[in-house]
Every structure is written in C-alpha cells, then in structure tokens.
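S.K.: These are the residues of each chain, in order.
2 protein chains.
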Amino acid sequence: MTNIDATHHITLQSWVADANGHAEFPIQNLPLGIFSRGADERRAGVAIGDHILDLGACVAHGLLGGAALAAARAASSGTLNDLLALGAGPRRALRVALSAILANGHRAQDLAASLLHEAARCTLHVPAAIGDYTDFYAGIHHALAVGKLFRPDAPLLPNYKHVPIGYHGRASSVRASGVAFHRPNGQRKPAGSTVPDFGPCRNLDFELELGIWIGPGNTPGTAIPVGEAAGHVAGFCLLNDWSARDVQAWEYQPLGPFLAKSFATTISPWIVTPEALAPFRVAQAARSEGDPQPLPYLWDAADQHAGALDVDLEAYLLTPAMRAAGQAPFRLALSNTRYAYWTVAQMVAHHSSNGCDLRPGDLFGSGTLSGPAMDGCGSLLELTEGGRTPIALPNGGSRRFLEDGDEIIFQAHGTAAGAVPIGFGACRAVVLPAPSPLS
Amino acid sequence: MTNIDATHHITLQSWVADANGHAEFPIQNLPLGIFSRGADERRAGVAIGDHILDLGACVAHGLLGGAALAAARAASSGTLNDLLALGAGPRRALRVALSAILANGHRAQDLAASLLHEAARCTLHVPAAIGDYTDFYAGIHHALAVGKLFRPDAPLLPNYKHVPIGYHGRASSVRASGVAFHRPNGQRKPAGSTVPDFGPCRNLDFELELGIWIGPGNTPGTAIPVGEAAGHVAGFCLLNDWSARDVQAWEYQPLGPFLAKSFATTISPWIVTPEALAPFRVAQAARSEGDPQPLPYLWDAADQHAGALDVDLEAYLLTPAMRAAGQAPFRLALSNTRYAYWTVAQMVAHHSSNGCDLRPGDLFGSGTLSGPAMDGCGSLLELTEGGRTPIALPNGGSRRFLEDGDEIIFQAHGTAAGAVPIGFGACRAVVLPAPSPLS
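Protein chains in written order, with my numbering: chain A, 1 to 439; chain B, 1 to 439.
These are computed hints drawn from the structure, not numbers from a lab. These figures come from a predicted structure and were not determined experimentally. Each residue gets a CB set at the ideal place from its N, CA and C atoms; glycine is no exception. Incorrect hints may have been included.
Far from chain B, some chain A residues (derived; all Cβ distances over 10 Å) [to be verified]:
1. 5
2. 36
3. 39
4. 82
5. 118
6. 125
7. 144
8. 148
9. 176
10. 190
11. 245
12. 274
13. 301
14. 328
15. 384
Computed, partial: chain B to chain A, Cβ under 10 Å [to be verified]:
16. 133
17. 143
18. 157
19. 170
20. 173
21. 176
22. 201
23. 244
24. 291
25. 292
26. 304
27. 355
28. 359
Covered, in the sense of this in silico footprint (three residues per stretch, anywhere, with C-beta under 8 Å from a C-beta of chain B), are these stretches of chain A [stated by the list, open to error]:
29. 20-29
30. 180-189
31. 285-298
Let the sequences and hints guide you as you build the complete structure.
M.R.: See below:
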C-alpha cells in the first residue's frame with residue numbers, strides 16, 4: 001500500500017455516529033459531490049455516513065484554512081470543475097481538514113453538526129460539467145466474451161493488447177443515479193429482414209464500468225507521460241453505459257457506436273478520491289504470460305507495481321414483479337476493477353499521447369469490467385450469450401434483455417487487510433417505456 | 001427559394017463601403033461571431049465587409065430594441081450559446097435590425113460607424129462552448145471512394161443508405177481558423193510489420209466538411225421530428241476534420257475513430273445563419289434512382305423540396321516552398337454541399353431519434369463532402385488513392401499526405417441567380433512538427 005496516512009487509520013471514528021461502520025461512507029472515504037435540497041441552488045458537499053457536510057457552509061463559518069480553504073472555495077460554483085482543476089495538492093489538503101473536522105473530539109463539532117444535511121432528503125447531481133466523455137474498452141473478459149459471439153476463432157482483435165481502445169461518448173447523455181430514462185427508439189435490421197425498421201429497442205442492456213474523473217488535465221499538443229498520469233485523475237465513480245444492442249449491431253460500421261449509447265449514461269454521483277482509494281491499490285495483473293510488452297509511452301514501473309485498483313463491482317436487477325413482491329434485488333454480477341487490461345494511468349497517457357487536451361471535469365468510462373467466469377458478466381449480452389440463453393430470476397421470471405420498469409443497481413466496495421472498507425454509493429436507474437416512435 | 005426577404009435584396013447596400021461587393025461578408029450575410037482585440041475580453045460581433053460591428057456596444061448605445069435587443073443581450077457572455085438557445089425568432093429579429101442599421105441611409109450611421117472594428121486587427125474565437133461535437137459521414141462520394149480502397153466490390157456498407165452514419169467527436173479538439181497545431185504522435189502498425197510502433201503520424205490528412213451549429217435543441221427523451229428539425233439549426237461554418245490515417249487504420253476496430261481525429265478540428269469562426277443561406281436552398285438530390293426510401297422518421301416533403309444547400313466548397317494547399325516563392329495556394333478540391341446524402345434536418349432528426357438531447361452550441365460535422373470526380377476530392381486519402389498516387393504541385397513538389405509547415409485553407413461561397421453571393425470566411429491552419437515522442 002502507498003500513500004496511506006492518518007486519514008485512513010482503522011481506529012479513526014467520526015462524531016457523525018452513523019458514519020462508523022457505514023458500508024459506503026465512513027470517515028475514511030469522504031467523497032465529494034454536488035447536492036441540492038428542494039429548490040435550493042446546487043452546492044458542494046462531502047458524504048459522511050448518511051449525511052452530507054455542506055462545504056460552502058464550512059467556508060462561511062471559518063472551519064477551513066490554507067489550501068483546504070482554497071479547495072473548498074473552488075467548489076462554490078455549483079460544479080466541482082474548478083476544484084478538479086486544482087489537482088492533488090489542494091484536494092488532499094481538503095481531505096485532511098475534513099477528516100479532522102469530522103473526527104471524534106474536534107473542538108468545532110457542534111458547529112459542524114449544524115452544517116450537516118440528511119442525505120436522504122437531498123438530491124445528488126452530476127458533480128461536474130463534463131467537457132468530453134470517453135469510453136474505453138479495457139475489460140478484457142468483456143472484449144473476449146463479446147468477440148467470441150462474433151468471431152469464435154479470433155475473439156480479440158489484433159490491436160487489443162497494444163492499444164487502449166476507446167471511443168468518444170456523448171457528454172449530454174450522462175445523468176446522476178436515480179434519474180429514470182426512456183427506452184430508446186432506434187433503427188435496426190431484424191434478423192432475416194433485408195430492410196431496417198424503426199421502433200423501441202428490443203435488446204436493451206447495461207454495462208458495468210468504472211468511471212474516472214479527470215483533473216487538472218493538459219494543454220493542447222502536450223502529452224501526459226504515463227508516470228505523471230495518476231496526477232491527472234481526480235477521482236472515481238460507477239458508470240452504467242446503457243446500450244441498445246439491436247441498434248448498435250446495425251449502425252456501428254464503420255465509425256463505431258453512436259445512437260446505441262447516447263440516450264443515457266448513469267453515474268454514481270460521489271467522486272471517490274484517489275486518496276480514499278489508496279489502501280485498495282494493487283499491482284497490474286490483467287496481462288497474461290506471453291502478452292506483448294506495451295510500448296514505452298504506456299509503461300511505467302511504479303504504475304505497474306501499484307496502479308491497478310482492487311474494488312469489488314456488483315450489478316443487481318430489480319424487476320417490477322420483484323419490486324411488487326418486496327423481493328431484494330437479484331445479483332447479476334460480481335466482478336472487480338482488477339480485470340481492466342489497462343491501468344487508468346495508461347488510459348490517460350494514451351488519450352493525451354496525440355496532444356488531445358483533457359480538461360477538468362472530463363469523464364472516462366473504463367469499458368465493461370466483466371470477470372473471467374459467468375458470475376462476473378458485466379452485461380446481459382455476455383450473461384445471456386447475445387440473448388440466446390435467458391437467465392432465470394428468483395421469482396420465476398426470466399430475462400434476455402431489460403424490460404420496461406426494470407432497474408439496474410451497481411455497487412462498488414473496496415476491502416483490504418488493515419483498512420476500513422469503503423463504498424462508492426449506488427448507481428441505479430429505472431427503464432421507462434419508449435416514447436411513441438415518430439412516424 | 002424560400003424565406004427570402006428584404007435583408008437579401010440584391011440592391012441593398014451598406015454604408016460600410018468595403019462590404020459592397022465583398023466576396024464573403026456583404027450586408028446580405030451578417031454572420032455572428034466572438035472576437036477580441038488584444039487582451040480585451042471576448043465579445044460578440046457581426047461581420048460586415050472587412051469590419052466587425054460590436055453587438056454589445058450596439059446594446060449600450062441603444063441601437064437595438066425588442067426581440068433584437070434580447071438576442072444581442074443573450075450574446076453578452078463571451079460565447080453565443082445563450083443566443084443560439086433562443087432559436088430562430090430572436091435571431092431573425094437581430095438580423096433584420098442589423099441589416100437596417102448597416103444599410104445605406106440609416107440615421108445612426110455615424111454612431112454605428114464608431115462601433116466598428118477592423119477585422120484584420122481582431123482575433124476570432126470558437127463562437128460557442130461546444131457541449132458535444134458529432135461528426136457525420138454524409139458525403140456519399142467520400143464514403144464510396146474510401147470504401148473502394150478497402151472493399152472494391154462493395155464500397156458502401158449495407159447501412160449507408162438507411163442510417164445517417166455518425167460518431168461522437170472530441171469537443172476539446174475544436175479550434176478557430178488560424179490556430180496552428182502539432183502533427184500528432186500515435187500508435188500505428190507499419191505495413192509488413194507484426195507489431196506497432198509509436199511516433200509522428202506519417203499519413204496526415206484533411207477532411208472538407210460543413211459544420212452545423214445547433215440551437216435551441218431538445219430535452220432528454222424527446223425526439224425532434226424531421227419536419228421541425230430545421231428550427232434547431234442555428235447556423236453553419238466550415239470544418240476541417242484533420243485525420244491521422246495511419247493511426248486510424250490501426251486503432252479503429254471495433255469502436256471507430258479516436259486518437260486519429262482528436263488532436264485538432266479547425267472551424268471557420270463565423271456562424272453563417274440559416275437566414276443568410278435562404279437564397280441557396282435547393283432540393284435534396286443526392287439520392288439516386290433505385291435508392292431505398294428513407295424511413296418515415298427521416299422523411300419530410302418540405303425538407304426534400306428545399307432542405308439541401310447549394311454552397312461551393314474549396315480546399316487549397318499552401319506549402320512552405322510555395323509560401324517562400326510567393327505563390328498562391330493551390331486548389332486541391334472544388335466540391336459542393338449538395339453532395340451530402342442526408343439533409344441537415346435528417347441529421348438532427350436521426351441524432352435525437354433515440355431521445356439524445358442536443359444542446360445550444362453543439363456542433364455537427366457533415367462528413368467529408370467530396371464531389372463525384374477527382375477534382376472534388378475532399379481528402380488526400382481520396383486524391384492520392386490512399387497515398388499510392390502522389391499529386392503534383394505547381395512548383396514541382398508533390399504530396400502523398402501533409403508535411404510540416406503545410407497549410408490547408410477552406411473556403412465556401414453561395415451563389416444563386418437573383419441573390420448577392422456570400423461566403424463563410426476562411427477555415428485555415430498550419431501543421432507544426434510533432435512534439436518529441438515520449439519514450
């Protein structure tokens with residue numbers, strides 16, 4: 001483990017009682033977000049147990065000083081872009097200050113307690129204005145499984161183990177957890193038909209991904225060396241890259257996914273910082289014996305040694321029938337961020353290697369992070385083998401792809417010996433029926 | 001011709017003497033942009049001849065009223081997003097008011113003359129904060145020519161004449177005309193090699209495209225019917241989708257172009273409005289006898305009747321040797337916006353058909369608009385047949401692809417019987433050498 005400090009200490013407890021032992025937001029986490037109450041304006045906060053501490057109110061009441069004060073002030077515009085732009089130093093200073101304020105025995109405990117909001121009474125928003133959203137394809141087990149459906153003899157394309165494959169996504173499609181969306185209409189060519197038709201997507205799917213928030217980023221024409229790339233990652237979230245498989249199959253040649261992805265992308269709204277995740281860093285181990293050595297611009301020894309993440313990822317399904325029966329969500333997948341073939345630093349270095357400028361508030365998706373076995377499938381495409389093998393649900397129902405009213409719920413948790421477990425908070429959304437197709 | 005009014009009248013002349021007979025910006029054009037002088041802040045303006053009229057100053061001096069005043073006020077933030085959000089009504093009102101102010105004989109001519117800036121002393125900027133940039137593939141002659149290089153027997157993919165193919169581009173890559181950029185480094189696999197290497201792009205190309213500015217756009221989940229789509233187009237520009245062909249060939253499977261495009265995209269900075277282009281509307285004629293009927297969501301009789309544009313597009317090359325010798329730029333291509341297989345309204349309707357929200361300030365590229373013959377090739381990929389057939393330059397040099405110091409210059413002009421010709425202004429940029437590849 002690297003960069004473990006007092007803010008992670010296993011004995012550290014908060015005077016916010018519900019934070020101690022909290023599965024997501026103990027005092028060792030302290031993720032950053034943007035929230036509102038009722039019709040109030042959006043403001044920055046930090047999650048602590050079942051509460052949110054108002055950062056602007058901390059500033060107003062003089063609870064912060066120095067670099068932590070500068071960081072909190074940068075978060076006062078209703079988005080976190082300016083805070084992400086400051087980079088690791090001010091973000092760490094803010095973490096240290098908030099950890100002290102929220103720890104047992106702080107002298108201003110009573111004042112700080114008056115600046116807490118019950119999270120259940122707040123709305124969480126997309127925490128930054130996203131300049132560009134890029135979706136990678138780093139989940140090698142997903143790439144293998146999807147490739148096998150189309151090319152059984154050569155599932156991985158020749159470039160896969162050399163190039164961190166990615167594509168530009170649609171920034172406007174990104175919504176915070178809890179925002180329902182309509183099943184998309186789209187153009188697709190049914191099997192056996194010679195002509196396409198247009199109507200509600202028949203093969204609606206989810207994709208289980210890690211989201212990566214960028215800050216501060218680079219200037220145009222200036223690449224970020226892989227050894228410095230971690231300094232341009234401001235934090236992490238969960239990301240559901242909802243996918244219309246029938247639309248995708250018909251539209252994607254030759255320029256890649258377009259309307260099959262741009263109708264909705266759901267993220268967990270809290271930015272879990274690299275500092276909070278320090279105890280869950282591991283060596284990069286997704287490359288196999290005999291795999292090609294990455295090119296030098298993608299290779300850094302320290303990144304290989306501790307640049308991967310060990311965070312459990314889960315995907316659950318809650319159908320209308322299960323909801324009506326009071327049943328718990330059904331787990332579709334248990335996977336892990338370790339299954340990414342490329343580290344986040346490699347993604348950053350590759351993305352900027354042509355001089356492309358990354359800006360504070362840019363968002364990456366990792367690509368679908370499936371595990372090696374069927375219980376780790378991060379999409380229904382894999383789990384039902386392209387819809388050919390429906391999965392059985394505990395209430396007797398089944399699914400090939402998602403139906404109206406279905407909800408997909410992602411969770412993520414880091415656990416490690418000697419560390420307090422932390423979570424990302426939920427990434428969930430309900431599928432609403434398609435609007436009437438225009439005729 | 002539709003929507004022709006007094007602002008287009010062929011006898012209309014301006015008291016700005018250099019506007020009369022101006023190849024780009026006569027009083028019949030009045031494109032909108034964002035400019036600055038020296039270190040001054042960015043402000044909105046309208047091009048008139050070799051000058052720019054300061055919109056904020058017009059507001060301050062009481063030259064505007066009603067909807068025109070509201071439109072000009074919306075342009076006061078240093079970007080035109082809020083003006084684009086207002087839609088056609090206020091934009092038209094502003095055009096009518098500006099046309100009157102700038103026409104011969106206006107009572108406030110002396111005051112307005114004091115609010116002019118010499119365009120040559122101003123810097124023009126990207127006129128709006130681009131939320132998302134989408135690049136279409138609507139140039140059928142380009143798609144045919146590129147397809148023939150790879151699939152001589154079946155150059156067009158089966159979806160081409162059904163789906164307005166597009167992909168998400170990189171918003172951060174968009175620069176205003178005149179901003180030089182570095183040749184990108186990138187990963188590519190040389191012919192005959194089994195492994196890729198990394199270094200300066202060897203096959204740097206341009207793509208001649210029409211740019212389309214969106215406003216006001218739609219809310220998530222709500223498609224824009226094709227018959228209403230023209231109302232969500234705020235204007236047009238030229239767009240150079242610079243392309244690294246060697247990088248593209250190696251990276252693009254299975255998710256499409258990524259770093260081969262994201263290093264730079266150059267646009268002409270003036271937004272030429274749909275009102276200014278009204279005299280250059282023509283029937284959609286790019287579909288051939290026997291082509292499939294587009295699906296109903298893409299079909300509108302009025303759009304087919306007058307939804308295409310007849311604007312000449314030119315691409316010129318100026319090499320360092322030509323520049324040193326004082327030679328004029330060499331014309332590589334003369335093409336026309338008529339060669340788009342899909343109208344702009346069809347692009348808007350398709351893009352939003354899945355509920356994807358388009359926002360004011362979003363930018364579309366049309367795709368490379370090549371003509372049917374070799375003199376209309378909108379890229380070197382076509383002109384040199386993938387680099388196999390170098391083109392000869394008038395000074396004795398030749399080109400397969402672009403070399404350092406080369407400048408590509410696009411121009412666009414609308415001409416029609418009974419109308420004053422207008423232009424878009426130049427879209428130009430110089431290729432700088434690649435930075436040292438990181439090792």
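S.K.: Look at each hint and say if it fits the structure.
M.R.: We went through each hint and held it up to the structure:
1. 5: 31 Å, holds
2. 36: 18 Å, holds
3. 39: Correct as stated: the minimum Cβ-Cβ distance to chain B is 19 Å, above 10 Å.
4. 82: Nearest chain B Cβ is 15 Å from residue 82 of chain A, so the label holds.
5. 118: 28 Å, holds
6. 125: 14 Å, holds
7. 144: Residue 144 of chain A is indeed farther than 10 Å from all Cβ atoms of chain B, at 13 Å.
8. 148: Correct as stated: the minimum Cβ-Cβ distance to chain B is 13 Å, above 10 Å.
9. 176: 12 Å, holds
10. 190: 13 Å, holds
11. 245: Non-interface label on residue 245 of chain A holds, nearest chain B Cβ at 13 Å vs cutoff 10 Å.
12. 274: Non-interface label stands for residue 274 of chain A: nearest chain B Cβ at 22 Å, farther than 10 Å.
13. 301: At roughly 14 Å from the nearest Cβ of chain B, residue 301 of chain A sits farther out than 10 Å, so the non-interface label holds.
14. 328: 29 Å, holds
15. 384: The claim holds: residue 384 of chain A sits with its nearest Cβ about 20 Å from chain B, beyond 10 Å.
16. 133: This interface hint holds because 8 Å falls under the 10 Å limit.
17. 143: It holds, given that the least Cβ distance between residue 143 of chain B and chain A is near 9 Å, below 10 Å.
18. 157: With Cβ-Cβ at 5 Å, under 10 Å, it holds.
19. 170: At 5 Å from the nearest chain A Cβ, residue 170 of chain B passes the 10 Å test, so the hint holds.
20. 173: Cβ of residue 173 of chain B sits 6 Å from chain A, so the hint holds.
21. 176: Violated - the Cβ of residue 176 of chain B stays beyond 10 Å from chain A, reaching only about 12 Å at its closest.
22. 201: Since chain A brings a Cβ to about 8 Å from residue 201 of chain B, closer than 10 Å, the hint holds.
23. 244: Status holds, d = 7 Å.
24. 291: 12 Å, violated
25. 292: Given a least distance of 7 Å, the restraint on residue 292 of chain B holds.
26. 304: Violated, about 16 Å.
27. 355: Because about 5 Å separates residue 355 of chain B from the closest Cβ in chain A, which is inside the 10 Å limit, the hint holds.
28. 359: 6 Å, holds
29. 20-29: As far as the region 20-29 of chain A goes, the hint is violated, because 0 residues have Cβ atoms under 8 Å from chain B.
30. 180-189: The restraint on the region 180-189 of chain A holds, since 7 of its residues have a Cβ under 8 Å from chain B and three suffice.
31. 285-298: Satisfied; 4 residues make the cut.
In this structure, the earlier hints numbered 21, 24, 26 and 29 are contradicted, and the remaining ones agree with it.
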